[in-house]
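Peer 1: Sequences are here, hints too, so could you generate the full structure?
Protein chains: 2
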Amino acid sequence: MSGARRIAVGVDLGGTTIKSLAVDDTGRVVARASRPTEVHAGQAQVVRNLAAVVQELTAQLGPLLSSGALAGAEIVKAVGVGVPGVLEVERGLVIASPNFPGWEGFPLRERLEAAIGRPVVIENDANAAAVGEQWLGAAVGLKDFLFITIGTGVGGGVVLGGRLWRGPGGRAGEFGHVKVVAEGGELCGCGSRGCLERYANAAALERYALEELPKGGASALRALALDRPEAIDPAVIAQAARTGDAAAQAAYHRFAVYLGMGIAGVVNLLDLRHFILGGGVSEAFDLFSPWLREEVAARIYGVAINDIHILKARCGNEAGALGMVHLALAAS
Amino acid sequence: MSGARRIAVGVDLGGTTIKSLAVDDTGRVVARASRPTEVHAGQAQVVRNLAAVVQELTAQLGPLLSSGALAGAEIVKAVGVGVPGVLEVERGLVIASPNFPGWEGFPLRERLEAAIGRPVVIENDANAAAVGEQWLGAAVGLKDFLFITIGTGVGGGVVLGGRLWRGPGGRAGEFGHVKVVAEGGELCGCGSRGCLERYANAAALERYALEELPKGGASALRALALDRPEAIDPAVIAQAARTGDAAAQAAYHRFAVYLGMGIAGVVNLLDLRHFILGGGVSEAFDLFSPWLREEVAARIYGVAINDIHILKARCGNEAGALGMVHLALAAS
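Respectively, the protein sequence lines represent chains U and H.
Every position in the first sequence, counted from 1, becomes a number in my numbering once 231 is added.
Every position in the second sequence, counted from 1, becomes a number in my numbering once 231 is added.
Hints in this document: simulated from the structure, not taken from any laboratory.
Check each hint, because a few of them may be wrong.
If chains are identical, the list can't say which one is meant, so a pair holds when it fits in one copy or spans any two.
Within a straight-line C-alpha distance of at most 25 Å, the following computed SDA-like cross-link-like pairs (lysine to any residue) qualify [what the hints assert, rightly or not]:
#1 Lys308 x Arg349
#2 Lys374 x Glu319
#3 Lys374 x Glu321
#4 Lys543 x Pro399
#5 Lys374 x Arg394
#6 Lys543 x Ala413
#7 Lys374 x Arg504
#8 Lys446 x Gly416
#9 Lys446 x Ala413
#10 Lys308 x Glu549
#11 Lys374 x Gly393
#12 Lys308 x Leu296
#13 Lys374 x Pro399
#14 Lys374 x Arg259
#15 Lys374 x Leu391
#16 Lys446 x Glu461
#17 Lys543 x Pro521
Peer 2: Structure follows, in structure tokens:
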């Protein structure tokens, strides 16, 4: 079958939903499947749900492979699963994951391999998204970059010399837990304080908007916040910022100061020149990008801001699953 | 001459003094030479002084090579020069160096090669020290680590996969310019604000000691500060801390909080497990190490503090020149 079209399954294990893709080796998605994660039902049930998603996807592929566009294609054995949190990739363990309480030390790879009878590759979800962007998105052709995902949390994936940098223990990439406040910082989900994640995630953006509102005059955002403060979310803030709302813009500015501080530190430490921003908050990339560049420019040492490229990710919320497909293809 | 003992010259270009070593390939120092840098006299004079040091060292080697212990040894052609500041190593340029004002863009390698008629290898001085420690010091056998030098400035050298990580532009390693304060931070020599260097260098330690003094009771340090505040330097603070002086100990504690914040960020980003601390302030390693570990422990995510090794450097202030010898040997 050498030279034949190859198809792999990539899975994104989210806190709420398991999403999966079957993708060919040119990056074309040929099938999709998803189902609830059911974290509350325990590890065994989550593993069963993962197995069911993989089975459903494989079942979808059956008819496609026996006729039509995919005739003659090969489904590779390995399945890739992106997992939020800190993993020990080499041993296939979950080390720490706020969305999966009690999973510390859980041998996810081994359990899933037993359930599906196929080899499994696991990887941190942000690392997986970095690989996805490198394969098919904003990082195509880049050898050295930091992928940053900004949503409920802030994740990162470091690519050095063309390859994912996992570090000696396979746990690298936690850009969201670089520290930006020395003393008395906000408590983070990781148990520490002062992590970038607490100052540059969706909740921080909402907090900044609510704090900035009293400073300005009347605005749509202000009216909404008085009525229903819980309705202030990144999408609402983005919409307000686009219509010129001062509080919404100030919120993005404060957000950009912290994110820029983190990025500048990585420029100075590793001389990285490319940063790819994904995740829900990055949908509003154009709204905060000017302040972000301004902040990075003020804080880099010996490098010109024109040599720093901060780009919006292109693979959207499928970057992680696409990256896992790529890793599964590479492992097969 | 294959298999013969090889000797190389390594130079440490300091803001005040040029120090150089001739070292054999087993790490044994066979000759030393130094002279003033004379930065004020301009680039051409500094290049002449560098050339003179190399010549003096080579002259010392002559008689040793024709008889005695070094008979039959070969002096390799390349000379290694460690330079403080940001360099563009591939092109041999100085990019930014607070100790060498006006040197931005100066083609140091080319000028020195013309002056001595030998190939020259340049490298950032902290990167050079990282190589020195890896060759002969605390980092022997380590593949992944961060070397940190703490003195007037804070420098760094990142070693990944066994090799110095220079980054795509050859400027990596500026750990001192990782950011630890988001807004209104102390102005740094690099032109930015909030750099770790301003919170964890010798001057910061002195500042903390002077700030802590009024909080405590009578102490030797307090008496000295009242009399001659300018006499408060890291050596005096270290001595006071050893005798139990509360202000001196509090100064080390504050220093350790910032340094620990920076180190924890690197653990979380790159999963590095080994940190080697050099430079003058690190002479008092035992005085701040417990607080440093405490701070790092509180701020790492998914990694146990027992897996983090923070070690005192072993090559002292010759680490940089030794590293340049190693790089010169590798380049020859």
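Peer 1: State whether the alpha carbon distance between lysine 308 and arginine 349 is at most 25 Å within one copy, between copies, both, or neither.
Peer 2: within (6 Å within a copy, 56 Å between copies)
Peer 1: Between copies, within a copy, both or neither: which fits lysine 446 and glutamate 461 at Cα up to 25 Å?
Peer 2: within (19 Å within a copy, 45 Å between copies)
Peer 1: If the cutoff is 25 Å on CA atoms, where do lysine 374 and arginine 504 land: within, between, both or neither? Let me know, please.
Peer 2: both (10 Å within a copy, 24 Å between copies)
Peer 1: I want to check one pair: lysine 374 and arginine 394. Are their C-alpha atoms no more than 25 Å apart within a copy, between two copies, both, or neither?
Peer 2: both (7 Å within a copy, 17 Å between copies)
Peer 1: Check lysine 308 against glutamate 549 for me: Cα-Cα at most 25 Å, and say if that holds within a copy, between copies, both or neither.
Peer 2: within (21 Å within a copy, 54 Å between copies)
Peer 1: With 25 Å as the alpha-carbon cut-off, assign the pair lysine 374 and arginine 259 to within, between, both or neither.
Peer 2: Within one copy only: 23 Å inside, 39 Å across.
Peer 1: At most 25 Å between C-alpha atoms: does lysine 446 with glycine 416 qualify within a copy, between copies, both, or neither?
Peer 2: For lysine 446 and glycine 416, the Cα distance is within 25 Å both inside one copy (23 Å) and across copies (24 Å).
Peer 1: If the cutoff is 25 Å on CA atoms, where do lysine 543 and proline 521 land: within, between, both or neither? Let me know, please.
Peer 2: within (13 Å within a copy, 42 Å between copies)
Peer 1: Indicate which option fits the pair lysine 374, proline 399 if close means a Cα-Cα distance not exceeding 25 Å: within, between, both or neither.
Peer 2: Result: close both inside a copy and across copies, 20 Å intra and 9 Å inter.
Peer 1: First find the shortest C-alpha distance between lysine 543 and alanine 413 inside one copy, then the shortest across copies, and answer within, between, both or neither for a cut-off of 25 Å.
Peer 2: For lysine 543 and alanine 413, only the inter-copy Cα distance (23 Å) is at most 25 Å; the intra-copy one is 29 Å.
Peer 1: Given a CA cutoff of 25 Å, do lysine 308 and leucine 296 count as a within-copy pair, a between-copy pair, both, or neither?
Peer 2: Classified as within; 15 Å inside a copy, 64 Å across copies.
Peer 1: Check lysine 374 against glycine 393 for me: Cα-Cα at most 25 Å, and say if that holds within a copy, between copies, both or neither.
Peer 2: Both, since 4 Å and 19 Å are each at most 25 Å.
Checked against the numbered hints given earlier, the structure satisfies every one of them.
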